[in-house]
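Let's have the full structure, built from the sequences with the hints guiding it.
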Amino acid sequence: MMELEMDKLVSLCKRRGFIFPSSEVYGGINGFWDYGPMGVELKRNIKDAWWRDNVQMRDDMVGLDCSIIMNPKVWEASGHVGGFSDPMVDCRATKERYRADQMYVFAYLFPATNAKGEPTEAWLAGLGGSPGEAAEAVEKRAAKLAKKFGKPADPPVVTPYLEVAADDRIKVIGPSTDEAGTLTEPRSFNLMFKTYVGALESESNVAYLRPETAQGIFANFKNVVDTARVKLPFGIAQVGKSFRNEINPRNFTFRSREFEQMEIEFFCRPEEAKDWYKYWRDARFAWYTGLGLKSEKLRLRDHDAEELAFYSTATADIEYSFPFGVSELEGIAHRGDYDLTQHMKFSGKDLSYFDEEKKERFTPHVIEPSAGADRATLAFLCEAYTEDEVGGEIRTVLKFHPRIAPVKAAVFPLVKRDGMPEKAEAIYRELKRSYNVAYDEKGAVGRRYRRQDEAGTPFCITIDSQTNADDTVTFRDRDSCRQWRVPAAGAVQALRDLLDGKPVPSAE
RNA sequence: GCGGGCGUAAUUCAGUGGUAGAAUGCCAGCUUCCCAAGCUGGACGUCAGGGGUUCGAAUCCCCUCGCCCGCUCCA
Numbered sequence: 001m002m003e004l005e006m007d008k009l010v011s012l013c014k015r016r017g018f019i020f021p022s023s024e025v026y027g028g029i030n031g032f033w034d035y036g037p038m039g040v041e042l043k044r045n046i047k048d049a050w051w052r053d054n055v056q057m058r059d060d061m062v063g064l065d066c067s068i069i070m071n072p073k074v075w076e077a078s079g080h081v082g083g084f085s086d087p088m089v090d091c092r093a094t095k096e097r098y099r100a101d102q103m104y105v106f107a108y109l110f111p112a113t114n115a116k117g118e119p120t121e122a123w124l125a126g127l128g129g130s131p132g133e134a135a136e137a138v139e140k141r142a143a144k145l146a147k148k149f150g151k152p153a154d155p156p157v158v159t160p161y162l163e164v165a166a167d168d169r170i171k172v173i174g175p176s177t178d179e180a181g182t183l184t185e186p187r188s189f190n191l192m193f194k195t196y197v198g199a200l201e202s203e204s205n206v207a208y209l210r211p212e213t214a215q216g217i218f219a220n221f222k223n224v225v226d227t228a229r230v231k232l233p234f235g236i237a238q239v240g241k242s243f244r245n246e247i248n249p250r251n252f253t254f255r256s257r258e259f260e261q262m263e264i265e266f267f268c269r270p271e272e273a274k275d276w277y278k279y280w281r282d283a284r285f286a287w288y289t290g291l292g293l294k295s296e297k298l299r300l301r302d303h304d305a306e307e308l309a310f311y312s313t314a315t316a317d318i319e320y321s322f323p324f325g326v327s328e329l330e331g332i333a334h335r336g337d338y339d340l341t342q343h344m345k346f347s348g349k350d351l352s353y354f355d356e357e358k359k360e361r362f363t364p365h366v367i368e369p370s371a372g373a374d375r376a377t378l379a380f381l382c383e384a385y386t387e388d389e390v391g392g393e394i395r396t397v398l399k400f401h402p403r404i405a406p407v408k409a410a411v412f413p414l415v416k417r418d419g420m421p422e423k424a425e426a427i428y429r430e431l432k433r434s435y436n437v438a439y440d441e442k443g444a445v446g447r448r449y450r451r452q453d454e455a456g457t458p459f460c461i462t463i464d465s466q467t468n469a470d471d472t473v474t475f476r477d478r479d480s481c482r483q484w485r486v487p488a489a490g491a492v493q494a495l496r497d498l499l500d501g502k503p504v505p506s507a508e
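For the first sequence, my numbering gives the first residue as 1, with consecutive numbering after it.
No wet-lab data here; the hints were simulated from the structure.
Mixed in with the good hints there might be a few duds.
What the hints assert, rightly or not - When the alpha-carbon atoms are kept at most 25 Å apart in a straight line, the in silico BS3-like pairs for lysine-lysine are as follows:
#, residue 1, residue 2
1, Lys294, Lys399
2, Lys399, Lys297
3, Lys442, Lys432
4, Lys144, Lys171
5, Lys151, Lys116
6, Lys73, Lys222
7, Lys349, Lys359
8, Lys116, Lys147
9, Lys416, Lys432
10, Lys345, Lys222
11, Lys399, Lys47
12, Lys399, Lys432
13, Lys358, Lys274
14, Lys297, Lys8
15, Lys171, Lys147
16, Lys294, Lys8
17, Lys297, Lys278
18, Lys294, Lys502
19, Lys194, Lys73
20, Lys502, Lys399
21, Lys148, Lys171
22, Lys399, Lys194
23, Lys241, Lys194
24, Lys116, Lys171
25, Lys140, Lys151
26, Lys274, Lys222
27, Lys231, Lys345
28, Lys116, Lys73
29, Lys73, Lys241
30, Lys278, Lys47
31, Lys359, Lys345
32, Lys47, Lys297
33, Lys231, Lys147
34, Lys47, Lys432
Claimed, not checked - Label-pair distances were calculated between CB atoms; the ranges are:
#, residue 1, residue 2, range
35, Asp168, Ala112, 19 to 27 Å
36, Tyr279, Lys144, 54 to 62 Å
37, Thr195, Ser22, 13 to 21 Å
Everything numeric in this text was worked out from a predicted model, so none of it was measured.
Yeah, the Cβ is synthetic: ideal placement off N, Cα and C, and Gly gets one too.
Put into structure tokens, the structure is as follows:
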């Protein structure tokens, strides 16, 4: 198995117009990427395949396209504001980082006096969910100090670190150091991109760019039920950009601050949720394999109990083994009725569902298959990248599934004379009505084939001297380099059949 | 966020204080009846950006930005 080097792929993506660093002429900007002429076709094909397979082809799915900026209360309900912006404290000495709300300070007063005759103070910080938990390690450290400075007369005064006065913080000794004053003030880390709605900046018009598309679906649950004549079980699908500020961009486009999601919220009766979870978990895995992510690099991993979010009873990740490690492409989560319940609580609106047949009112449960469009695109690129050796030379091929290939076919006149260009261009024009195809008459045909291989074009159609005699053209298969003849008049249908999965004819 | 490495053409890279280079790719033409062939010609560089040292900086120093690696973080 050839080991893909990420550098080679990144370089190919740049060279062939798949992916560029964002605003590169200004030196780029960390965590943002642009899709070039090839990349935009690839990513669109992936999103279109997702939409077609999950919305168009199904009777129980509808689509939605929500605004990126929503009422900020949405994010209070979802827990993105408040719950996940814990203030953190860094230790300058040990470079460790602690959650400020889980740090308690134990102020001891030892009998030994200093030069001014004052007792010796030691403000020891400990970590834990409660003062009791934090005390354990601290007491051991205090016992050591007691040998030196004598036993303290009183038990220590315990203060949560967040409530320690700013002036007193320099007295605090961090959990893994003996030195005071190494801890920074508590700083909050912003999960979300903050902005202001309207020309004036003030606390009253703060808004956020959405960190996920899911909440727009929940917020529109009632609108869809009231207007789209849907009945449980049904799902709402959305493709769109999301933004996260807290992440550390890494690994090419894999982890970006601006990214695109393909999300489904599938609503069902509570007692059916478990079965639907299993259904989606398998269906989503099969979707990737059906588009060519066939190798052992694709994995389905169930979360164990500790890994589960508190509201979820089951979650699975679809992972891909990238050159930089195994990472998540999609998560399928059984979210129970958590989201709708939260939005009912925060909005005061009834988002329950009335089952007309069973005359029952209840809050639907939700299965959420949430996929990353950019991550899927990167996985398909990694999977497709192949280096074949032909006569001692490296042939670089992107072996995309025809459905996602940016260019479906290229049409060439074998040489630039004898009416071949005219004939080739006529076929090209005809194909172009249905497919994204390329035309090239420049230079040696071998070079033209290789150029298309590198862009992942699955088929090449070549017009040669025999075309004049019997009006047939050659089809050439990207992966095998095999060629066969097809009547020129049937070229469009022949390409359609191949793109629909008809196998390449075996060798003549 | 921390630490380390790096940044020269579209790509891969050479260039350690004295005229900005190579290969590949790209473009034009010739040739060419099938897989990066050959010949001729051509375009392409704010040497990441800014500041400093110097008669002179791609080269030395400082700052910023970006990329890579390892930590940290990643509901």
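Margin query: For a quick check of understanding: which of the numbered hints are violated here, in increasing order?
Written below: Going through the list in order, the structure violates hints 22, 28 and 33 and respects the others.
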